[in-house]
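A.B. asks: Listed here are the chains, written in short residue letters.
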Amino acid sequence: MNKPKVCVLLAAGINRDYDAVYAFEKAGAHVERVHVNTLASCEKTLKEYQILMFPGGFSFGDDIASGKILANKLKYKLLEQIIEFISDGKLIFGVCNGFQVMVKLGLLPGFDGDYRSQLTTLTFNDSGKFEDRWVYLKVNTNSDCIFTKGIDDFLYVPVCHGEGKFFIEEKEVLDRIISNNQVVIQYCDGEGNFAGYPFNPNGSVNNIAGVSDETGRVFGMMPHPEDFIRITHHPRWTRGDLPEKGSGLKFFLNAVEYARENILSD
Amino acid sequence: MIWRVEVGFNPGVVDASGESVKKSIIEDLRIDVDSARTIDVYTIKAELDEGQVEKVASELLTDPITQISSYNGTLAKDFSKVIEVGYKPGVTDNVGRTAVEGIEDLLNIKFKEDESVHTSRLYLVNGQITDEEAERICTGLLANPIIEHYSIRDERSWFTRKRDDEKYFMVAESHEPLVAEVNLDVDDEELIRISAEGILSLNLEEMQRIRDYFKDSKVLEERKKVGLGDKPTDVELEMLAQTWSEHCKHKIFNALIEYEEDGKREKIDSLFKSYIKKATEDINKDWLVSVFEDNAGVISFNEDYNLVFKVETHNHPSALDPYGGALTGIVGVNRDPMGTGLGANLIFNTDVFCFGPPDFPYEKLPQKVLHPKRVFKGVRKGVEHGGNKMGIPTVNGAIVFDDAYVYNPLVYCGTGGMMPKEILGRESHVKTIKPSDLIVMVGGRIGKDGIHGATFSSTKLEETTSPTAVQIGAPIVQKKMMDAILEARDKGLYDAITDNGAGGLSSSVGEMSEFCGGCVVDLERVPTKYPGLDPWELWVSESQERMTLAVSPNNIDAFMKICKKWDVEATVIGEFQSSGKIHVKYEGKTVLFLDMSFLHEGLPQLKLKAAWKKREFESPDFSQPDDLTLDLKKILSSLNVCSKEWVIRQYDHEVQGTSVVKPLIGKEDDGPSDAAVIKPLPGKKEGVVVSNGINPKFGEIDTFWMAASVIDEAVRNCVAVGANPDHISILDNFCWGNPILSEDNPDGDFKLAQLVRAAQGCYHAAVGLGAPFISGKDSFHNEYQVGDKVISILPTLLISAMGVIEDADKAVTMDVKKEDDLVYVLGLTRNELGGSHYLMTRNLVGNSIPELDVESAKKLYSSLHKAITEGFVSSCHDCSEGGIAVAAAESAFAGGFGMNLNLGDVPIEGTLRDDGILFSESNSRFIVTVSPGKKVDFERAMSGNIFAEIGKVRADDNFKVKGKDGKLVMDANIYDLKEAWQRTLNW
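From first to last, the protein sequence lines stand for chains A and B. Counting with my numbering, you get residues 1 to 266 for the letters of the first sequence. Counting with my numbering, you get residues 1 to 987 for the letters of the second sequence.
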């Protein structure tokens, strides 16, 4: 069977690249780690790939603002290639720092196909600190997001970030993201109810943990599905009675399956 | 042209760092303020026009959703005081450096050599604050005058101030690089003065040895040929001082010691060879790959991979600047596994700190000593930034609090790595350098930072200590360097690698030259941060984030290409040779020419005296309280036992996706794990187990049993989660006061005797338990001088263990799992309350320190491992601080079930009161729970060992302990116990 090709984008300070490589390989993809400079110098192009992954990490140390410097680099060196990638019907996935990059580049929420305008942001957690903790996520089953298809329950995955508060200043933008069903996942408690800190670990507006563009093919989220692939990733796997269904692998399986059926076959 | 851009938050947006500052001002400094807000300042020194600056401000520096900015005025308004804080010129400014890269991308320009960006921060504080309080906010919280400048203004002086942004930037020094000659043909007094004034930290005998070398006619003849005279250059003297430093040569651990104990005298020729190395030789495990030879120890993991492990200390720099010191500590120790063999990829961090108590009274602090709470917060943040940004999971750690660490905090940073056993047919743990291989320096540039770090760490801190040894690490510079190096490693593009730590190039090139027999270096090729460095500074500077590699000329182009892709600077600075000489030139002129044999073997052995006297502490004499619940809560809340969740959560322990047993576990993800388990190879079942043992309180009584106890603690923590007891390696890490007897140090012989006994205890426990040392570290001179008083730390030994679990999916955690499970205690409880937390809560030390019966411990660990592997064990928790009571309580509240215990069933030696059974800290014990269905299997697996069923897991929340006479001695709700355990450091 034809394996979709994934480009896991590298830059100074990216550090969850291998986690993403493992998840995508486990999901049946062929994965390459590609440095942003290799794409900028045209040694390789995005054309070879069906899925582009912005992995987690601290690109450029989160200096100035998380994701900002990499977004700036991409804007001036790769944006046209990325927009073409989207219009070719391909998939883009960003996790944590990758989500921060996508938001600051303007790939999300991507209203009316405008992938150049930053309308939202990810900023410092209300707690004022970086935190590593597992969180429950509720999936919006009405969303068109390719990555969460078939996940109709809620999930349990880790967050590891200091700047994960999803924030929108203008009410119209928030309303539109919600009414478009672009809010794909939200933080909740173990029963699926919205609750304050620590269930919403960063103070995100409307408990938003991940958003997609209007096509559902471009998607970013703060939590790390790539760090819940095997059952022993779960903090309570030794207790046996795991009440949570689903796992992070599903995001990657969905992407690979979609790429195989809808992009490779074209 | 200098532009100043200020960036602040929109009204209505949470200023999280402003809120944190406000909280710290109120809670830590006890100064009442109404609010604190922050504004980031970017001072840009570059030829930019106004349009460009406007674009930089709005598109790069300002978040369009949450922030506003100004590039020609100030955003500061409505404040009582405005405080500006920024790094002094020459101190690493990571954000400033990144801003340069961002501006270059944005404007498609290149900054010139003398152009840069300086960052600072404004704090707008509101409230009734006096000038003295504002000053205290600066020096006590916001600024460290050693590396940062600060200013305090009120509204009037702020708006009328003259801008003087030039002061943020380095003034380029124009002096011609100098090489000085030092006349050593002088009397002894003068030799000592030269050593002291030059911060060489060499003693008289060493100085004499150097003097004599420069009188040797053969040496002089050869020097003449390269244009050098009969006096050493400053470059040469610095290299000798660095190579012969305590830090690099471990002179105390290799000394010839005359040891006296109970009137008996013996000569010990090297503690290291007699006890540490000897233990490893006597244990002789077939999985040892490279021990005590390289920057880190190497053991076999499975068929295809080796593991690498090293723990370092970074104490003095952390005392002066906790954030920078700890950050440099963690990124520094990363480079040890990275610089071992052909280089390892890094798979875990472990950090252990010793601090003064966070509630230490401010008025008792001597001048210049930072408050323990500030040290704690700064160190924690430094380790967070180092570990998280390098993308290495911090899986394990410990924090010890004691008054003895107020003046000298200890910061132990450890990093584990992994490498394929073979890389393109070469054994990865072997360095081989061919003459003609190029010497390549990779990573950061050289500045004056960290000069004399190696010799600085070999002296005590004083009120007047000058902090040239403090630097700020740059984790991203190191991360991309590591990524580039690993890519080059897997393509076989270099022959050897080592790190530039203490001693800089002098150390790395000097050590690597031993593999081929010499080198020649052209120092002017070395890239610098700024001009004006003298050759000796280039040679010994400890600027961070640098590695030195040996690259064959055939591979150099391919190697450079990879570095370029990663934006990593790499420079050929010379070549390796087989001349027997270290030969360093500057612009064609020889500035150093030393025989390798003298450099590496010329150091005379230190001769020291040690005298042991057992200390006697007051014997505990108090009646047992009827209800011991309060005692349990007190111990649970004590600083050393309480939950460290506040710290742990701020470290990333998930990154790399390898985690199996996390530091926080249990029903609500908040119980204290005994050891970490990670699976570094996806798809493989083997796991790496990481734990530690430390207990300086025991050392107050007897360092022999302290050493034995902490080795046992580290090993049993590993065993508790399922590590194979026959596959556990350990690292020793000694932090001591000054153990050299002298007029100024009248109890030096006792401190050395404590060291001797600790080393002997190490041998006893390591050999007895079969856990070999694979590497280690020592740090002496952990002392602080106030006036004529010297304050020494407690003798502190950290043992870090790295073990292997054959099948990580069989790991066990410490939280009880189900009601009605049976509770067992494994191991014998003795009357060993000396140094216990129970006595500590009564301000007593006691004398009956826990000893270690290695034979029964080894047997017990082997049986327990079998029981865990067979799946007979539901939960297993190490019994250490606080004894059975704390271990059982922690297991209960982590699992969310109550527990019944009967003290009459606990196997004890001799007679023990209920409080002794509960709180004695005897070694080699566990609290285990077993499902009733597996009782028979478990007991069969454990037969031949001392163990007993002592209770049952309850269905409800009650924790009930019956004394020997059947009466309740403890009765508590597990959630109350948990609350007591969590509240102390819940910041």
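Simulated from the structure, these hints should not be mistaken for laboratory data. One thing to keep in mind: the hints can contain errors.
Some chain B residues judged to face chain A by a derived CB distance under 10 Å, without partners named [claimed, not checked]:
#1 V7
#2 N108
#3 E258
#4 K389
#5 E819
#6 D820
Predicted model, so just to flag it, every value in this text is computed and none were measured. We put the CB at the ideal spot given by N, CA and C, even for glycine.
A.B. asks: Hint by hint, say whether it matches the structure.
C.D. replies: Each hint tested on the structure:
| no. | hint | in the structure |
| --- | --- | --- |
| 1 | V7 | 9 Å, holds |
| 2 | N108 | 7 Å, holds |
| 3 | E258 | 51 Å, violated |
| 4 | K389 | 4 Å, holds |
| 5 | E819 | 12 Å, violated |
| 6 | D820 | 15 Å, violated |
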